[in-house]
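Trainee: Residue strings, one per chain:
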Amino acid sequence: MKNIVKQFAVPLVILLVFIGLAFLVPDIARNSAAIFWNYFKEMILIMPPVFVLMGLMEVWVPKNKIQEWLGSGSGLKGALIAFGLGTLPTGSLYVAFPIAASLIEKGASVSNIVLFLGSWAALKVPQLLVEIQFMGLAFAAWRFVLTLGALTITGLIMQRIISTKKKKA
Amino acid sequence: MVTIITIYGILAIALVFSLIKSREKTKKAFVVGGKALLKTAPSILSVLGIIGLTLGILSPQTIQKLIGAGTGFAGTLIAAAIGAVTLIPSLVAFPLAGSLLRAGANVATVSAFITTLVMVGIVTSPMEIKALGKKFTLLRNGLGFVFALLIAWIMGAVL
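Heads up: the sequence lines are chains A and B, in that order.
Residues in the first sequence are numbered consecutively from 410, following our numbering.
Residues in the second sequence are numbered consecutively from 23, following our numbering.
It is possible that some hints are incorrect.
To be verified - As a list, the in silico EDC-like pairs of lysine to aspartate or glutamate whose alpha-carbon atoms are at most 16 Å apart:
1. Lys47(B) to Glu467(A)
2. Lys57(B) to Glu467(A)
3. Lys515(A) to Glu467(A)
4. Lys152(B) to Glu514(A)
5. Lys50(B) to Glu477(A)
6. Lys49(B) to Glu467(A)
Unchecked claim - Derived CB-CB ranges, DEER-like:
7. Lys474(A) to Val180(B): 35 to 41 Å
8. Val24(B) to Arg569(A): 25 to 31 Å
9. Val24(B) to Lys515(A): 20 to 26 Å
10. Gly155(B) to Lys472(A): 17 to 23 Å
11. Pro82(B) to Ile453(A): 22 to 28 Å
12. Gly155(B) to Ile453(A): 27 to 33 Å
13. Ile453(A) to Val168(B): 26 to 32 Å
Said to hold, decoys possible - Okay, the calculated bits of chain B under chain A, using three or more residues with CB under 8 Å as the criterion:
14. 66-76
15. 157-171
Keep in mind the hints are simulated off the structure, nothing from the lab.
The beta carbon of each residue, even a glycine, is placed where N, CA and C say it ideally should be.
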């Protein structure tokens with residue numbers, strides 16, 4: 410019970426603000442409630458299928474499989490695998506850090522790890538669907554392409570800096 | 023509406039394949055997804071509440087004045103910084119960003135926020151340092167921030 414209260418602390422505070430507004434400035438409260446309700450209807454349609462998709466992916470693509478696939482590729486093939494695996498709808502970024510660490514130990518390149526972490530955080534398929542819904546196709550497509558480009562360049566830069574230092578040591 | 027139909031379409035196809043291969047695993051997927059949704063529910067509700075309050079209290083004119091086209095680079099920089107330090111799932115951030123965009127916010131500012139939100143993680147950096155080292159983390163997040171500003175600027179120009 411205590412946990413539930415703690416989890417819903419922020420929404421409860423917002424609800425209190427709503428109630429306060431309803432007494433003080435009913436016009437604004439009515440307006441806010443209508444906007445909330447509009448977005449709520451949209452979210453309740455979108456969120457369940459997105460989360461079931463993430464559940465399916467988690468069940469069918471276990472984390473050790475990801476590790477296996479990523480470890481096996483190098484060069485362009487490795488980069489494509491890193492990007493592809495990152496876009497799968499699995500878990501938050503904290504899950505990816507330990508995977509990335511063990512991959513570096515196994516010899517995966519720095520640039521592929523950057524690509525993997527970046528697409529894991531920024532280019533997930535279910536997120537893109539939600540992004541298209543709320544931001545429009547053009548916004549989502551531009552962000553996808555530009556982010557992928559930025560990740561590739563970041564990976565190449567970091568590869569240079571980090572691997573040359575390692576050779577010297 | 024097209025997007026919603028697409029999402030359900032993809033889900034339907036995935037479910038058919040999953041059911042053919044294993045009913046047990048499909049059931050488990052629903053449990054896993056349901057649990058994740060319940061965990062995210064409070065932040066979804068919070069963000070929707072904040073959208074309601076923001077758009078209810080601030081008129082589109084005020085929003086335009088705060089983060090609209092006229093605010094230029096400073097507004098974009100602040101949005102990028104906010105995106106870098108906040109830790110909300112991007113799934114939840116899109117409705118908020120979209121609502122601001124529709125209310126007249128600057129495209130560059132909104133994309134700076136979204137891009138740093140997903141590319142730069144100040145809050146998760148201790149975990150990243152532990153797993154991948156200080157240098158890796160600093161470089162990845164630093165370059166991410168710079169590129170986010172660049173991406174924002176390009177998106178502001180083309181959209």
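Trainee: For each hint, tell me whether it holds in the structure or not.
Mentor: Evaluation of the provided hints:
1. Lys47(B) to Glu467(A): holds, 10 Å
2. Lys57(B) to Glu467(A): Holds, because 12 Å separates the two Cα atoms, which is no more than 16 Å.
3. Lys515(A) to Glu467(A): violated, 23 Å
4. Lys152(B) to Glu514(A): Given that 16 Å is the threshold and the Cα spacing comes to 14 Å, the pair holds.
5. Lys50(B) to Glu477(A): violated, 23 Å
6. Lys49(B) to Glu467(A): holds, 12 Å
7. Lys474(A) to Val180(B): 35 to 41 Å: Given range 35 to 41 Å: holds, Cβ gap about 38 Å.
8. Val24(B) to Arg569(A): 25 to 31 Å: violated, 43 Å
9. Val24(B) to Lys515(A): 20 to 26 Å: Given range 20 to 26 Å: violated, Cβ gap about 42 Å.
10. Gly155(B) to Lys472(A): 17 to 23 Å: holds, 21 Å
11. Pro82(B) to Ile453(A): 22 to 28 Å: For Pro82(B) and Ile453(A) the Cβ distance comes to about 25 Å; the hint holds.
12. Gly155(B) to Ile453(A): 27 to 33 Å: For Ile453(A) against Gly155(B), whose Cβ atoms are near 42 Å apart, the range 27 to 33 Å is violated.
13. Ile453(A) to Val168(B): 26 to 32 Å: violated, 38 Å
14. 66-76: Answer holds; 9 residues pass the 8 Å Cβ test.
15. 157-171: Answer holds; 8 residues pass the 8 Å Cβ test.
Checked against the numbered hints listed earlier, the structure breaks hints 3, 5, 8, 9, 12, 13; every other hint is satisfied.
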